[in-house]
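K.L.:
Listed in order, the protein sequences are those of chains Y and U. In terms of numbering that gives the first Met the number 0, the first sequence opens at residue 0 and continues consecutively. In terms of numbering that gives the first Met the number 0, the second sequence opens at residue 0 and continues consecutively.
Any given hint could turn out to be false.
Given that identical chains are not distinguished, each listed pair holds provided it fits within a single copy or across any two copies.
As the list claims (entries may be wrong) - Within a straight-line C-alpha distance of at most 30 angstroms, the following computed DSS-like cross-link-like pairs (lysine-lysine) qualify:
#1 K86 <-> K21
#2 K314 <-> K32
#3 K9 <-> K264
#4 K310 <-> K32
#5 K21 <-> K264
#6 K310 <-> K363
#7 K9 <-> K32
#8 K394 <-> K314
#9 K22 <-> K314
No lab work stands behind these hints, which were simulated from the structure alone.
Each chain, letter by letter, is given below.
There are 2 protein chains.
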Amino acid sequence: MALVNEHFLKLPNNYFFSDVEKKVNSFKVTHPKADLIRLGTGDVILPLPQACIEAMHRAVDEMGHESTFRGYGPEAGYPFLINAIIKHDYNPRGVHLEPSEIFVSDGSKSDTGNIGDILRHDNSIGVTDPIYPVYIDSNVSCGRAGELLADGKWSNVVYMPCLPENDFIPQLPKQRVDIIYLCYPNNPTGTVLSKAELRKWVNYALENDTLLIFDGAYEAYIQHPDIPHSIYEIKGAKKVAIEFRSFSKTAGFTGVRCGYTVIPKELTGGTLAGKRIPLTPLWRRHQETKFNGTSYITQRGAEAIYTPEGKEQVKAHIQYYMNNAQLMKRALTSIGLKTAGGEDAPYLWVKAPDGLSSWKFFEKLLYEAQVVTTPGVGFGPNGEGYLRLTAFGKKERIQEAMQRLCQCL
Amino acid sequence: MALVNEHFLKLPNNYFFSDVEKKVNSFKVTHPKADLIRLGTGDVILPLPQACIEAMHRAVDEMGHESTFRGYGPEAGYPFLINAIIKHDYNPRGVHLEPSEIFVSDGSKSDTGNIGDILRHDNSIGVTDPIYPVYIDSNVSCGRAGELLADGKWSNVVYMPCLPENDFIPQLPKQRVDIIYLCYPNNPTGTVLSKAELRKWVNYALENDTLLIFDGAYEAYIQHPDIPHSIYEIKGAKKVAIEFRSFSKTAGFTGVRCGYTVIPKELTGGTLAGKRIPLTPLWRRHQETKFNGTSYITQRGAEAIYTPEGKEQVKAHIQYYMNNAQLMKRALTSIGLKTAGGEDAPYLWVKAPDGLSSWKFFEKLLYEAQVVTTPGVGFGPNGEGYLRLTAFGKKERIQEAMQRLCQCL
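Just chain Y, with the same shape it has in the complex:
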């Protein structure tokens, strides 16, 4: 009998977001006429920027003619997209990268999930708490997270609490950790790290020989000019950090699937015997073996984000969502709720009133205001007592949702 990877059996039965959907569905069955407003799952609602649409039409046409048809592309992405990324996302911020350090993919979820494949199964892991659950689950399923303890934590994971006491900014762990996940702007708390705060992490990593997994999926939402957009803006970061970027939230690519991963050539891991091994060729080998490139049509769409028109259109989308976030923050604050985030990220992290649990607060808003949110406890033990609200909605609907919340609370 072929044996299964039993680490998979340790995963909670259902993916957290599916549990939320089940609760929503059972509400819908009993309230078939309810007018639900969704501020839950972080999916965008605005259509793709027109520049991307036009570029993808052109690419589809190319695929329909023999002289312009493209078959297998480079596993790590076409040079036209890689060069646009370097020129527009990095050079203006003083970061210089080589094309061989960029890996285009079908999205950050694949990359943050699969990056563990090139690392030993027994490295120790550090995560902020709360955290995007995929980071944990991908480590659980290969055994790296260890065993689930009674307190809901995993035995080989160091948790760095993000609480009101520390303004939801994690503190450096007291012990050495091999690999630390950081997501900034943060999902779910919507907070950001200043340059000084981010420098602390890079310095910790340099001193402790720690690998930083830096997820910058929400980078485009940064509004304050002094917040770093890339971890490589910090000196020394190329020696310690992998950065993940996504076009999903930047340009509405959640259904089109494109992102990229940066692995600088200075970045190394080690063998048990102490030899240093560059990670760039390891990841290249991984992608050559277990991936076959991103759709040409998709890559042409992503390239269009960097044209002058594309940039304007993306900026307008981001502004639309961030206006929503401001509106939400004002409304929630006006009724005495405590919120973090929402200034440089499309997420608000809302404290439940009256000591309610995440799920109780979630159900209260679902049943009394017909507003769907995400229970904070799904993001880790320190998410208990919070909800995550997202600004990805139509302005009018968000206004309506805020009115309902103000009435019901």
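Fit chain U to the supplied structure of chain Y, relying on the hints for placement.
P.N.:
What follows is chain U alone, placed relative to chain Y:
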């Protein structure tokens, strides 16, 4: 220091197809005016079927309007595509599947590479020799293949030779093996398995509690009516086999990226303690954690393959390539070369004359006929002394290539 997965370091430095490209490039440098004809890497050349192009244009338009925009889709694919797959690829052959048994993805390379994630690292592996190298490499990189031995074989892999003596049809292994990879129509030999031959494998798997990994990427090329298109045409196969399918070679999707994996609900693996675990939910959990669905635009393109016009257009493409294969087989046979395949697959497996090695024969054809092929030894030790030729080319160029080969040999 974060430790790397040292199994990756066991992989030969370069992916085999890159080595071929390097040889071709160095030829081009010294022969800048040479008119190379490529019968090597298995990439298609005909543009996408018009039905797919039209469907993708429509989908791109949908993504540009708020009312029809689609964000995150189901990780395992949209029902419209899954239902089309069941209705057109399986039901006509007497195979009944449920939508929950189909997983749409960005291609078979990802799926055949990642499927090992849900299986223990110490299952024993059986492969035909020669074989598509990705099956081996993905097992090497997680440690399942064991150590590379002096004879070029891996210690935890059972090799089943495909040689002229057995008409390139592998024989059942004498020992029990946990997981066996089968690819039919076969890459690289171009051979197929009759129903009786395939039944032997299913029965072996049922008797030995073996998991079959069945790659049917070239299914659309089958010409003889009695050759099974799906392993599930064999009784009992749902209990023992995972089937992979790809739109890459069926409809020219190599640059668009779409395929699917079938995991029947009867199929189980085991725990060390002997408990049987269904594999369908395990793979679903894998895809929910480490994948975020295939582009909506791509899935609409794939769906169009199953329309009446799409079917006609696909059929014409397949016929074009298979006419090439016939032409090649006739020409090669006429000059006394021994060939397998080319009747139900776009590949020909050609024995090098005069005891030449694969690389020597490759270089001879490159330098004397300016024809690029693939050295058989890249597919395993028993590929030594062979070349793989593919029928993916323009008819006129293939004719020209055959003339040059006839002159130079």
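K.L.:
Under a CA distance limit of 30 angstroms, which applies to K310 and K363: within one copy, between copies, both, or neither?
P.N.:
neither (40 angstroms within a copy, 52 angstroms between copies)
K.L.:
For K86 vs K21, is the C-alpha pair at or below 30 angstroms within one copy, between two copies, both, or neither?
P.N.:
between (44 angstroms within a copy, 29 angstroms between copies)
K.L.:
Under a CA distance limit of 30 angstroms, which applies to K9 and K264: within one copy, between copies, both, or neither?
P.N.:
This pair counts as between: shortest inter-copy Cα distance 20 angstroms, intra-copy 35 angstroms.
K.L.:
How would you classify K394 and K314 at a CA-CA limit of 30 angstroms: within, between, both, or neither?
P.N.:
For K394 and K314, the Cα distance is within 30 angstroms only inside one copy (16 angstroms; across copies 49 angstroms).
K.L.:
Given a CA cutoff of 30 angstroms, do K22 and K314 count as a within-copy pair, a between-copy pair, both, or neither?
P.N.:
Answer is neither; intra-copy 35 angstroms and inter-copy 46 angstroms both fail.
K.L.:
Regarding K9 and K32, is the shortest C-alpha distance of 30 angstroms or less found within a copy, between copies, in both, or in neither?
P.N.:
For K9 and K32, neither the intra-copy (39 angstroms) nor the inter-copy (60 angstroms) Cα distance is at most 30 angstroms.
K.L.:
Between the shortest in-copy and the shortest cross-copy C-alpha distance, which are at most 30 angstroms for K21 and K264: within, between, both, or neither?
P.N.:
Classified as between; 22 angstroms across copies, 45 angstroms inside a copy.
K.L.:
Which holds for K314 with K32 at a C-alpha limit of 30 angstroms: within a copy, between copies, both or neither?
P.N.:
So K314 and K32 fail the 30 angstroms test inside a copy (36 angstroms) and across (48 angstroms) alike.
K.L.:
At most 30 angstroms between C-alpha atoms: does K310 with K32 qualify within a copy, between copies, both, or neither?
P.N.:
neither (40 angstroms within a copy, 43 angstroms between copies)
Going down the numbered hints, you'll see the structure goes against 2, 4, 6, 7, 9, while the others check out.
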